[in-house]
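*Asks:* Chains as they are written, first to last, in our numbering: chain A, 1 to 321; chain B, 1 to 321; chain C, 1 to 321; chain D, 1 to 321; chain E, 1 to 321.
One thing to keep in mind: the hints can contain errors.
Stated by the list, open to error - Simulated pairs of lysine-lysine, PhoX-like, Cα-Cα distance not exceeding 25 Å: (1) B:K240 to C:K126; (2) D:K112 to C:K42; (3) E:K198 to A:K126; (4) E:K28 to A:K112; (5) B:K240 to A:K200; (6) B:K126 to A:K126; (7) B:K42 to B:K319; (8) A:K272 to E:K240; (9) D:K240 to E:K126; (10) A:K89 to E:K28; (11) B:K42 to C:K112; (12) B:K126 to A:K198; (13) D:K272 to D:K240; (14) E:K313 to E:K272; (15) E:K272 to D:K240; (16) B:K240 to C:K272; (17) D:K200 to E:K126; (18) D:K200 to E:K272.
It should be emphasised that the hints constitute simulated quantities derived from the structure, not laboratory data.
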Amino acid sequence: MNTLEKSAAPQTGDGMNGNNAAALPTPKRASLDDLDLHVGKKARLYRLMYEHGPGNGTMMLLPIDQGLEHGPIDFLVNPPALDPEFQLKLALEGGFSGIVFHIGLATKYMDKYAGKVPLVLKINGKTNVPSDAQAFSALDATVEDAVRLGADAVGYTLYVGSPSQDRDFLQFNHVRQEAERYGMPVIVWAYPRGEAFKSKGGTDSLYAIDYAARVALELGADVVKLNVPEHDQADPDQPKPYNQMNLGYAGSVSKVVNSAGRALVLFSGGSKISDEDLLTKARMAMENGATGLIFGRNLWQRPMDEALGIANKIADIIKSI
Amino acid sequence: MNTLEKSAAPQTGDGMNGNNAAALPTPKRASLDDLDLHVGKKARLYRLMYEHGPGNGTMMLLPIDQGLEHGPIDFLVNPPALDPEFQLKLALEGGFSGIVFHIGLATKYMDKYAGKVPLVLKINGKTNVPSDAQAFSALDATVEDAVRLGADAVGYTLYVGSPSQDRDFLQFNHVRQEAERYGMPVIVWAYPRGEAFKSKGGTDSLYAIDYAARVALELGADVVKLNVPEHDQADPDQPKPYNQMNLGYAGSVSKVVNSAGRALVLFSGGSKISDEDLLTKARMAMENGATGLIFGRNLWQRPMDEALGIANKIADIIKSI
Amino acid sequence: MNTLEKSAAPQTGDGMNGNNAAALPTPKRASLDDLDLHVGKKARLYRLMYEHGPGNGTMMLLPIDQGLEHGPIDFLVNPPALDPEFQLKLALEGGFSGIVFHIGLATKYMDKYAGKVPLVLKINGKTNVPSDAQAFSALDATVEDAVRLGADAVGYTLYVGSPSQDRDFLQFNHVRQEAERYGMPVIVWAYPRGEAFKSKGGTDSLYAIDYAARVALELGADVVKLNVPEHDQADPDQPKPYNQMNLGYAGSVSKVVNSAGRALVLFSGGSKISDEDLLTKARMAMENGATGLIFGRNLWQRPMDEALGIANKIADIIKSI
Amino acid sequence: MNTLEKSAAPQTGDGMNGNNAAALPTPKRASLDDLDLHVGKKARLYRLMYEHGPGNGTMMLLPIDQGLEHGPIDFLVNPPALDPEFQLKLALEGGFSGIVFHIGLATKYMDKYAGKVPLVLKINGKTNVPSDAQAFSALDATVEDAVRLGADAVGYTLYVGSPSQDRDFLQFNHVRQEAERYGMPVIVWAYPRGEAFKSKGGTDSLYAIDYAARVALELGADVVKLNVPEHDQADPDQPKPYNQMNLGYAGSVSKVVNSAGRALVLFSGGSKISDEDLLTKARMAMENGATGLIFGRNLWQRPMDEALGIANKIADIIKSI
Amino acid sequence: MNTLEKSAAPQTGDGMNGNNAAALPTPKRASLDDLDLHVGKKARLYRLMYEHGPGNGTMMLLPIDQGLEHGPIDFLVNPPALDPEFQLKLALEGGFSGIVFHIGLATKYMDKYAGKVPLVLKINGKTNVPSDAQAFSALDATVEDAVRLGADAVGYTLYVGSPSQDRDFLQFNHVRQEAERYGMPVIVWAYPRGEAFKSKGGTDSLYAIDYAARVALELGADVVKLNVPEHDQADPDQPKPYNQMNLGYAGSVSKVVNSAGRALVLFSGGSKISDEDLLTKARMAMENGATGLIFGRNLWQRPMDEALGIANKIADIIKSI
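So that you can see chain A by itself, here it is in the shape it has in the complex (with noise of 0.2 Å):
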């Protein structure tokens, strides 16, 4: 059952109550010759996806974008860390299918692993200083950048729901024309942002990230990387029917994946959880339809060896769904 048929299946809710709203059959991970993707994107998410890391149309990407992000702070856990070549040590060893980087790190440090792990050039950011009222993620680098470097993807951070959208659908409007222009993947890290929605249930409800996979998918995205939403119960602060939809955590993450359609998607792994948090959330994503992981945080916030290991684990569970 490819992408297409997964969510045309027959509803059996009836409308607009509660959990029925969302009754459509548990997705599949998307095949790559599903896609109706350029030769050139093909050709690179083919790399990420079956040449490196664990394989058969899977991606386990490391990211380390928390230096601009968050600044060197996430690095005193693990003072190590706070060089980039223990993340593409990491990569290299723990199998990775690619590593996240900013433009100074990808020009500065990926030279002697050329090849050997495949570069995903995150080309927005921001730092965590000023306000976020109006957030914006701009430019610190190009898909041509990306092209130049080898690179097999370009990221890109949309902040759904922001003052800035405006900005935000420009700037992702000329990134998204470049990559076309390319065969250059994009994957959106499609993140629920803004005042506004903090009378819906917040950013992290199953309405926000929901909306989010959308919107990623609406405007051209090729991979879409989605925080788990909050799946305890529903939040009554949603709008209707969300506020009435309590899918637990499965049918939080099947919902996310149907809404993002043709864009594959990858979870995040947020600040640093239990191992076993970990695993549980790498089995959700990957059991209800994701292509992928993308954890950071949790994996180079411990020692090199501890890292492996828990990789190695993430990628037995990847390999086995």
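Given the structure of chain A, go ahead and fit chains B, C, D and E onto it with the hints provided.
*Replies:* Below, chains B, C, D and E without anything else, positioned relative to chain A:
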């Protein structure tokens, strides 16, 4: 009687006193040959108006841009509609003139329908999350994208009356030029918007929609998508003499079609209404000079069989007038 | 006596005390040969000033940009005027030098009048819906559009005194350069605007309009469209010595024509006034150095026969002076 | 002694205590050969400094940009001056080095003076109508316009200290590059501006003008137009040690000329003052290192004969030093 | 031990508890050969690091951008320093690796020092007059200017944490690309700035400067100029665990050098301090991994002889480590 003749006919009223002020003959649907269109625009509109859909110079479009404008929430009442395959199948089997997609859906879902279902590429959009006070719909695609994808028209949302009108005019000016260069028809979603309308009868008033129709014409729209104005009684807050005009359903539709001049008019369906109301709207629109209809949620917010059923009824109305 | 000589004549006043301060001879209408225009601009103005309309170096333009600036509300008093055919017919049969259209009307209605009625393409505009506090008229077309459409001039609204003057200057600078490149005459609608004028006698004061005339000249207008200043008595709020200047009708017109220097002056009609006032305005303007008139609502807000009648009277005045 | 030597001479003061702090020798007027100018800039400045006007490496410019900056109000005291012919005749017969025009006047009035009166094209400006809080002078012409018109320099107003300084720097950067490309000298009107100066002695303080002089040099001005700083006594609001510096007329002029370094300095006349004060200003400027003078209203706000008379006296002073 | 090895060494601490959190070995000064630089950047840095100044892979730069950032006020304590000749002579005779100029000084003063004193062109700047709340340093020159002037690097001020960070990132992105194209090294003045730091220990805190160092690396700086962080005791307002880190002078310097990774670090001198403190700073910087020093006011705010004397002492320290 062609569009040229329709509104140059002698008036019967005596000036500024209410209903008579709009006393023009009921407009007739324009013929493509009456419009002095460049050959490229004419060829593409011909496909939409004669080769696909109900034909005979009409248009019946299926819009599916709500995933961006409202989020996946709109699909919860009919979960299969989350998958754009649903709308594509409906467009193909329901005999629509074309389907309206944003770039992401157009790129990822049109392949197997290429040539079978004409594409209208919607090239700007926004989410409904942040404040609407400075409403502006930013470009998420280009006319060149539309050309590359073999689209037969582009869609553009213009927020008439928004404080951001200057940016909107500049953005549209660029789109219009590109469309001129490539012979691509431009369909303008002309939406009254902004606080300034509040004290003038609101954005659904005859005054507001009448103004929006004319703005679209003045700025160079080839086709304009309008809402049916409120028409039960004259809103006293509207500027004179609109506040005394009580034109009824047919008269209101006729009024705004006349104001759109040689810009062809499509009426939208808006949020879901009863079938009776929907068919009345279809008939009223077509009987009063509209070129066609662009009904979305009223079509795909129901199971496929029902959707095909109502589509056939609408097509029958279109063909009968 | 040419424009060069007109204002270099010796003054008769003695300085800063009121009326004498403006003591320059009544200006004479400029001859096209007195202006050092590039050949392209000269050729196009020649068509407007000698080959069409009243001729002999004059201009009588019919503007129809109110559908954008005010909405279709302006046509309710004379419904047939909603159709641009009305104005085109009036322009042709009434012997106008040209018609003023925005891009939409120019593209869709000029075809059968091409060559018969010269086109002035108005290339910026706005609606009157949102707040006017930062008044700015955004481009909705380009000089290149005007060239492509065979226009003989472009029109540009400059809001002199608006807080947005910096954007306006930059936008106009671009237009002026394009116009220079293509030999396209530029007619500037020079409108005083903005709160700052409130405490200085208002936007219709002699001070305000006199300033606007000079700004248009300084920025490179070939022709400037002005309102007739208030002239019944000096407004005491105006800056010195304007607050003491009581020049009367002829003197006020003469003053602003002199301030416009070698930018040819057209006077506008404004909202509808009595025929007597209109003809007085025409005569006053032409007797005091204006090159022509640009009367819109006063012409087409009446039935065709009446409109043609008054047009002939105006043309007669123009020809007689 | 050239400009290089002038300020590298040993200091005689002992540091931060008032007058001694500025203890540099009185600067000598720079020679064009001392400046390492590109050949194009040198050739054009040569025309202004040696071939026209008082010569011998000096400049006497006649500015006529007040029609834009203040409006025609400035001409009311001498109505013939409304016609740019007045200033052109004055520039030619009064032996000026050049005339300063905005693009409109340059395009429409220079033809018969081409080659006889060198042109300085002022390429940015504004009106004084709206609030000055974010003062920014927008481009109304380009360096390329100046080249096309055979100008020998461009003039640019830089508002040092305005909250809009970022836009100003970016705009000037573009101008400077164009000027470099075409070998066009750049004269910067360096005006302290903005509320921030209010608590620091004001925009006419030595502190403010001294800073403005240096900013012009740092950003790449070839010539800088300055006002003479207030110099009767030290303003206690100025930052230390300016608040203790009491340099007198000559010392203040000398100070800012030194701060301008290899940017040649012109002093402005400002609003009309007595002839005695004007000639004192001319002498003080020239004796303390200025390259020339740019007096406008003090020249053309009087009848032609008087204007020629005072121009001759100024020229004599310039030639004598 | 090269930069690669320096921070990948095993940690000795146990996590998030204060000083141990930063427990990395003291970094060693990087060798140019350890960095994977493009040949153009390497060639230019080689001139600065080996052919001029103290050599052996170090840099001693003389900055003279204060005339723009602070105004001529900084020169009042030593008036001859107002003339850039002073600094050029000091740079040449004091054995500096290069001098830092804005475009105006570079264009007008470098000629006779071309080839003798390497140029670092500072390409953005601002005055300190208007409010700093939205601090943004606008471009006043381009990388192409630097190439044309034979510069060996460009300097760029990045205000890390300013609410204008989005504009800053976009502007820097453009600079970085141009620098990449021309093989021009980029030195980033990484300054924490903005109100948001107030509640986090301020802009001189270890937290702030550590973050700034990493941001420069992430965005692609080749060299980063930093202030020495406050290091007498941990500021309790800093985010955890910075608020518990008490690393002392050497430890703080070491920390931020490590955070800068393969971006070479220069430490600034700041406002004038005692000679003893200055030499301590020099030694502390060089002993803890810095590549060099960029001391301005501490050098040229004294007579030439003294300046040369202290420069020699600094050079000796650099050479000794």
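*Asks:* For which of the previously enumerated hints does the structure constitute a violation, in increasing order of number?
*Replies:* 5, 13
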